[in-house]
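Q: Below, each chain spelled out in residue letters.
There are 2 protein chains.
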Amino acid sequence: MLTFIGLGLYDERSITVEGREALADADRAVAEFYTSHLIGTSVEKLSTYHDIDIDVRDRAGVEQHPDDILDAAEDEHVAFLTAGDTMISTTHVDLRLRAIERGIDTRVIHGVTAQTAASGLTGLQNYRFGKAVTLPFPYAHGADGVPASVIESIEANRERGLHTVVYLDIKAERGEYMTADAAAGMLADDWADVLAVAVARAGSPEPTVAADRLSALAGRDFGDPLHLLVVPGDLHHIESDALATLGEASAELLAENER
Amino acid sequence: MLTFIGLGLYDERSITVEGREALADADRAVAEFYTSHLIGTSVEKLSTYHDIDIDVRDRAGVEQHPDDILDAAEDEHVAFLTAGDTMISTTHVDLRLRAIERGIDTRVIHGVTAQTAASGLTGLQNYRFGKAVTLPFPYAHGADGVPASVIESIEANRERGLHTVVYLDIKAERGEYMTADAAAGMLADDWADVLAVAVARAGSPEPTVAADRLSALAGRDFGDPLHLLVVPGDLHHIESDALATLGEASAELLAENER
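Protein sequence lines correspond, in order, to chains P and E. Residues in the first sequence are numbered consecutively from 2, following the working numbering. Residues in the second sequence are numbered consecutively from 2, following the working numbering.
The hints are simulated quantities; they were obtained by calculation from the structure and are not laboratory data. Yeah, the Cβ is synthetic: ideal placement off N, Cα and C, and Gly gets one too. It is possible that some hints are incorrect.
Stated by the list, open to error - Covered, in the sense of this in silico footprint (three residues per stretch, anywhere, with C-beta under 8 Å from a C-beta of chain E), are these stretches of chain P:
1. 17-29
2. 79-93
3. 152-165
4. 176-190
5. 224-235
6. 241-251
To be verified - Calculated Cβ distances over 12 Å to all of chain P for the following chain E residues:
7. I40
8. A141
9. R221
Start from the sequences and build out the full structure, keeping to the hints where you can.
A: Set out below in structure tokens:
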């Protein structure tokens, strides 16, 4: 049996009750934290809280050498843990398909995602978001600035009046997390005066939400990771009110985006 | 203090541990289940499980008469409960803004959403979804068939190769839940041969995933609610494998959608 469990966004209490019970029932736990990371806890704390040893794998240990995970799941109940939801990465889907191919029972226990939190914390409506994008570190995509595909996706969403979640690059193994101010600075090269919303520490007890022009966000400091950006499309009245109250956006800036 | 808590998708154990603890700390709990609904539990079970009385409000009791909720939150810790995530409805955003206006501390504890589950259960990648749509009951939008805005949104997504989550209408107060086969039948008028994926009971221990042409899905029975549909755009290789293994899609049909 292989149970995929999403740990949610922040610490050891971000998991669902159902996920916690499934983990208590597991014989062993395997985790990967290279696609995302829980900022509010540590592997040791997770292990103590859930009273189970956690075998943390790097990318190669999941993608290239999943066989011992699958071998174990043939005889035992193995829990596979990830931050956020559990099926965000194609690797995890692939692992599930391999397990099914081998006749292993699988189960998915969902976790809260950054997409959900981005909508919930900003007051921007869930059904008015278009395709999300990820902004990579320049060294990671091998060129300066923002990839054309990111610009194109945000523009295509804005043309339809839709909001865009901009996930920011994480190199958890190197301890590098792109900040919202750095990301705003990169996007401000094209869109200095465009409204955006920085969200820091989504899912934590003290998240930060700040709505301003990209050039202004670029000069601010949003504290500890993880961060993300939202580039709003057209704003409905209640969305505009939310960005004023929750993100302290100016009335002038919001008026430019209301439809 | 007013804490908005998302209960997740299915039963009393779909809440996060953090949400459960916040609810244990609350002096009173208010809930609305008209925007969505937990199929795997009841208000009585929720109340017993969390050891707190739950005051269930209808639409008017939240939208038009929120004052006693806000009055209570000035002196006590009030938990406001909803299925799924907590900020899915504009009403809840509005309630939060009113609370802040009155100087009441607010907090948001996120829940798992159907969007997350739709991606996780189908193996379709989260960042390849475009704008979501809701398919209303014909009587609810006052015309036969599918609203033009729904068709246009799905088409705009497909032109960009993106997947669409189609939420199905819920009239919880009347006990009416649109089924995936009924929805597929409505969409099949325009798109009989188009690939779609029915997802039933997302978040439950026994979800169903079925991938087939809309005309074929229209003739099937997916059992108990809640249901949703996904209309895929272009399929990456792993997504195609997932729909074959998890949704039993035919190789021929998948080949039409691979890019």
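Q: Hints first: check each against the structure and report whether it holds.
A: Against the structure, the hints:
{"no.": "1", "hint": "17-29", "verdict": "holds (count 5)"}
{"no.": "2", "hint": "79-93", "verdict": "holds (count 5)"}
{"no.": "3", "hint": "152-165", "verdict": "holds (count 3)"}
{"no.": "4", "hint": "176-190", "verdict": "violated (count 0)"}
{"no.": "5", "hint": "224-235", "verdict": "violated (count 0)"}
{"no.": "6", "hint": "241-251", "verdict": "holds (count 4)"}
{"no.": "7", "hint": "I40", "verdict": "holds, 14 Å"}
{"no.": "8", "hint": "A141", "verdict": "holds, 16 Å"}
{"no.": "9", "hint": "R221", "verdict": "holds, 21 Å"}
The structure does not agree with the numbered hints 4, 5 stated previously, though it agrees with the rest.
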